[in-house]
Amino acid sequence: MGYVAVKGGAHAINNSVILYKNRRLEDGADIDVENIKTNMRQLINQVMSEASFYDRDIAALAIKQAEGNMEEAVFLMRAHRSTLPRLYYSTVTDTREMFVERRVSASFKDIPGGQILGATSDFTHRLLDDSLKELADGPRESVDCKEIPFNYDLDKLPKVIDYLEEEGLFVREPENNDEPDDITKKAIEYPSTRSQRLQALTRGQTGAVTSLGYAEIRGYGIASHPNIGECRVGQQPVHVDLDDDYGEYFIGDYEVTEIDGFMPDLDEDDSDAGEKDLMIKIGYGLVFGQNETKAIAMSVLDYSLEHPEPGVATSDDEFVLYHIDSVESTGFISHLKLPHYVTFQSKLDRMRQGKEERQ
Amino acid sequence: MDRKLWTRIFSKYGRTETIDFYNNFKEALDFEIISEPSEGLVMMKTREHAKNSLFYMGEVLITETKIRHGSTVGTGLVKGSDNELSEAMAFIDLSFKLDKFTAELNDILKSLKNIEANDIAEKTEKILQTKVSFEMMND
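Residue numbers (our numbering), protein chains in the order written: chain Z, 14 to 372; chain A, 4 to 142.
Extracted from the complex, chain Z is given alone in its bound form (with noise of 0.2 Å):
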């Protein structure tokens, strides 16, 4: 079979994206990108948190081009990201400093600061509000003031490990201040560095990266249930130095949710190998936007491929940083529809030949 090159697809092709283009329209009225972003908040924050790339308008005006298809959304916003020069890193940033508007542990009941539920969907009835089918003006309801004694600020509330580490059951490592690897700038080289690690869990596809922290904990990998030490959202603050003597500039605040998971482990350091203490180890999890669900399993992952099993594929940092990324995933899965129709003929030719020589 010779090789014959095809055209005529452009007539075809560029109907086909008026047609899709006009669908968003063709049913309804349309939306403003204001109203997604300020409506579909958990929205937003998970398309940000898959593109690594934190802007609430850009994320809504994404949605809103990818008819609110996830996948298209967080590759749309990632293609738009590589046309953007990177312009400065940031001073180290510490979740010690985030403006905290949620702040739950599941480990301890009191904890300094006590146990802030801020705006959760935790303890709502997951029945379907009809009321919401009107548009409303405003907030239906306002909170119930009243005087709340509190003796801590929010933007320094201590964190539920310091009181771990006060008691001596949780050891903090010296700070590391090596620069990290930059998966953006140079892929993955197995094995993994932690930097590397926490980049693309961070980064992942929600939905892979829970589906993973579940099978870790659910029975292909530590098979324990870890207990979060501190579940926190709120507002971080990011700087720049300028280098110009002057001090650092802010830059904003950002929405995160952080996660120091426990995991009961015992001390490697201990020497005496016949009593050795439990220790709590962490498996850290970080996202940008309220993502609580991805941030936990994110801990349970990083602490699966810093601690690995053999023969566990969760352990397996090749395994879980290639398969959670959404666009490479997507990407792929999504290509093996487009046309594949000289590779598929030589596959056929071969079957052929080999009919034909078995005859």
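Hints are all accurate, no fakes.
The following residues of chain A were derived to be distant from chain Z, with all beta-carbon distances above 12 Å: (1) E20; (2) F34; (3) E35; (4) G73; (5) E107.
Coverage of chain Z stretches by chain A, computed from C-beta distances (three or more under 8 Å per stretch; other residues unrestricted): (6) 65-79; (7) 183-190; (8) 295-303.
FYI, nobody ran anything at the bench for these hints, they're computed from the structure.
Where a beta carbon is used, it is the ideal one built from N, C-alpha and C, also for glycine.
Once you have looked at the hints, place chain A on chain Z.
Below, chain A alone, put in the same frame as chain Z:
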């Protein structure tokens, strides 16, 4: 002037005041725009608490402007896409560096600090209404 402080307060709480200041005073200082407002990225370098190491958690959109008076450069960096605010912030950065209009800027800063304090108090009060009081369970 503490740049970490004034950049936070002007950009978070005083968009209108910052732009108004720029429009009112830009004719009083000779400067040239060396880099028009343009969008770019800042990569967030983050400390994690399991191993106390650093990693890159993702990029954020900013708008940057640079202006110059002599050899002094004023930089405007703001969150998201906001050319007007970025240019005004560059002018204020230049003003502080040159010790120009400091009395006027400090007056604005003072009033914005009050706005910030009220905003934080209001947010804190609302958030604290969701603080669990376990003692009440035994009542």
